[in-house]
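Colleague: Residue strings, one per chain:
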Amino acid sequence: MPGFLFKKLHFKKILNHEQKKSAGQYSSSVSLSQNLEENLRVLREALGSSSDVIIRDMKISSDSNIDAAVVYIDGLVDRALLNHDILRPLMFNLQLIKDNLSHNHKSLIDYIKSSVLTVGQITVVQDIDRVIARVLTGHTAILAEGATRALLIDAKGWETRRIEEPKNELSIRGSKESFTETLRTNTALLRRKIRDPRLTFESLQIGERSKTDVSIAYVQGITPDNLIEEIKQRLQRIDTDIILDVSYLEQFIEDSPSSLFPTVGSSERPDVVAARILEGRAAILVDGSPMALTVPFLFIEGFQNPDDYYARPFFAALVRWVRLLGYLLSIYLPGIFVSLKTFHPELFPTQLLVSVAAAREGLPLPVVLEALLMLLLFEILREAGLRMPRSLGQAVSIVGALVIGQAAVSAGLVGAPMVIVIATTAIASFLVILFAEPGALYRFIMTLAGGLLGLFGIVLVSIEMLSHLASLRSLGVAYLSPVTPLNIRGLRDTFIRAPLWAMDSRPASLDSPNTRRQSSGQMPRPPKTSSQQGDTQ
Amino acid sequence: MLLENGKISSLQLSLLIIGFIFGASVIIAPGQQAGHDAWIAIALGLMEGLIIAGIFTVLTQHFKGKTLVEINSLVYGKILGNFISILFIWYLFHLGALVLNNYSRFLKLELYPATPKALTLILIMLVCALTVRRGIEVLARCSLILVTITILMAIFDTLLVAPHMDLQNLLPILDVPIGKLLWTSHATAIFPFGDAVAFLMVLAFVNKPEKSRSAVFKGILIAGLVLIGVAVRNAAVLGQMVAIYTYPTYITAQVIDIGDVLTRVEVLVAINLITMGFFKISVVYYGTVLGLAQVFNLRSYRPIILPIGILMVILALTNVSNTTEMFDFANQGYPIYTIPFQIAIPLITLLVAKLRKLPQTRGEQA
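Protein chains in written order, with my numbering: chain A, 1 to 537; chain B, 1001 to 1366.
The set of hints was computed from the structure by calculation and includes no laboratory data.
Quick reminder that beta carbons are idealized off the backbone N, C-alpha and C, glycines included.
Errors might be hidden in some of the hints.
[Stated by the list, open to error] Counterexamples of contact, computed for chain A against chain B with all Cβ distances above 10 Å:
(1) D52
(2) I73
(3) T187
(4) V409
[Said to hold, decoys possible] Chain A stretches covered by chain B per the calculated footprint, using a threshold of three residues with CB under 8 Å from any CB of chain B:
(5) 336–347
(6) 446–458
(7) 467–473
(8) 482–494
Construct all of the structure, not just a fragment, from the sequences and the given hints.
Modeller: This is the structure in structure tokens:
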């Protein structure tokens, strides 16, 4: 208890400190002066002599000759919008300006905002710091002589990638759209899936230099409030200069940074993220990253796939078992093979033992080293295939197949059974992409343990792995739930996938305040009366 | 100041107890002295074991949310209470060493004749230490998966060995002299069932204390029934030989031969032994370090995990010199040696608490 309190206090102190720091920054900020030259000088100093910063001088009214300037960053602004809806009205609607106000500069800005510009989002600011910050995010600033306020116009527009098909999380029947690098597009994709007014995107900026826009997406009343608080606290604690990708955030907010297993989920599919949000999770979107984080993340999610929900439940359950077994196979198979060969040959059926022993006749390496070598080769091939320029891909696969498969066996370097084992393992390791990294590491550990201590070693490592997994938490939710701690109702979406009409409550382990998802008893059945009639006839 | 802030559910407690009881008893077949009547001995022992469990669960019902160490210092006062607590902790510590010894002996004899015992011991200990470090909650979570797997594998084994079973082997019933049978059943009551008294250090962390008692009973009962089943199976497969083999369960699995494909699966039984041993060692290990931390008012039990583990390994390596001695102790010495710890301490503490009308807060005596 005291430790807990101390942590709280300590955390508060840090927060206070940070607030003071940021408050200090703002208090030193300069508000805009009446003098346009002065304002522009400050802007030039702050933005430097960068060539992409455009400061366009102009006169808004030829009669009164009011000096004004438009400040924006080339490339971040929609040029057509700028020319047609900002510059043109400012320069040609002179008459209106002249007619309506003579030289009332205070309301000049208001007038421009309300009657001249034909763009959607305009804000009025007084701080020059805010002007700088907003201009850097792509806003266009309008400053006028004699006005102590500036207009910030949202005329952002830059080259973006179109919404494309998901590259990594493929689905047969599901939607074919995936997130892009633009935060607004991503939030719009989610909004189109969940048209609930309580779907909320809370924005904040992270990164001392990058000022990356981050959005926390959740549905009020479904995502637990304390979860959102916790996420916000963790995000606000981040003090770094750049957030390049959503995985930067992941590494800052995850519960167990020293674990091999991820405790924060991520997806590139809007449908997956929407489904998870409606299960009571929260999503974190980052500008510039085509992935969304979802928390809390449970171990079983790694084995779930959007197609599970689009396919029929029985097949979905089968596929899930295949994935589970495949994953276990990808971790254990080399280790078990090595340990059987080294310590427990009696477990092989006699025929198999004979052929395995014959294949290993005259091989130079002990079976452990052979397995480790082949695993290493596979990792090299995999990594090379991943990073290599696409045009070279064919070369690697041919060389890999020849070297690892054919040549190694016929040269008598490795046994044919080992090649089969490693190949099976390699294919199985692609079944559960999310856990492929911990899987690869554990595969090496298991192989080593199996080679040194046989099944005993493998069992010990497995117990340790299980105990580690059981100790993990993802934002307060036990990683292995709903399996252990056991939650019977939660099991409907683990080893089996219950029909959608049967999953009438949200996963209980997520602790959503609104557990009811749909009304129960929606199993489709033929209308009673008509079927009876059919029978009698 | 909380040494442990995890909470376990009553289901997890039951499973933990099942794992704990399987712990060593799959290696040293309980009731083996009674030969093919082992199942009778286990059944009688199960009843006595339930009585023992009844005593210590009454104690924890009286002092909800308190471990034995805390109860002792409440009932006997600080000094005497801590003295008794240390006696009990010694029992846990020694029990851990005995189980470890059994394991390393089994591994040496059956699986890894060339591997030094110290190595296997240290590795088991390391895995247990890491789990104990993570707290009782994690251990309880592991129990669900591992105990389920073990029970499934036991059923699987039994099905596979079914063709070799001959229920005639169980006859004549009550073949052993009644005195020997009673002694054996007492030995079975003490080990494995009575050892559940170690849960006096764990029961405090059950999230619904009023359910902990029935959870303990359920756990012991299920474990007992499975053990009876295993004893019947072993006797039916092995016949009179069941009394002779050192590790009858292991030998029974050796008999399995399904179409020349599934043969010699006894290693799978060995895997079960290792996993279940993990629970027994971890629970007593946990009890030892938690108890010591409470006796000496430590702020956390984590720093003493490693030293205690090392001591336990050393005791395990030195306390028993050969297999015969181990079985002698398990069958002759242990049933008497443990009576003070399993029966006397809980019972006397309960009586003293009643006499002193403890705990005084509210009407919890009922």
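Colleague: Now tell me, hint by hint, if it's right for this structure.
Modeller: So, going through the hints one by one against the coordinates:
1. D52: D52/A is indeed farther than 10 Å from all Cβ atoms of chain B, at 53 Å.
2. I73: Non-interface label stands for I73/A: nearest chain B Cβ at 52 Å, farther than 10 Å.
3. T187: holds (37 Å)
4. V409: Holds, since 26 Å exceeds 10 Å.
5. 336–347: holds (count 4)
6. 446–458: Since 5 is at least three, the answer is holds.
7. 467–473: holds (count 4)
8. 482–494: n = 4 at 8 Å, threshold three: holds.
Going through the hint list in order, the structure satisfies each hint without exception.
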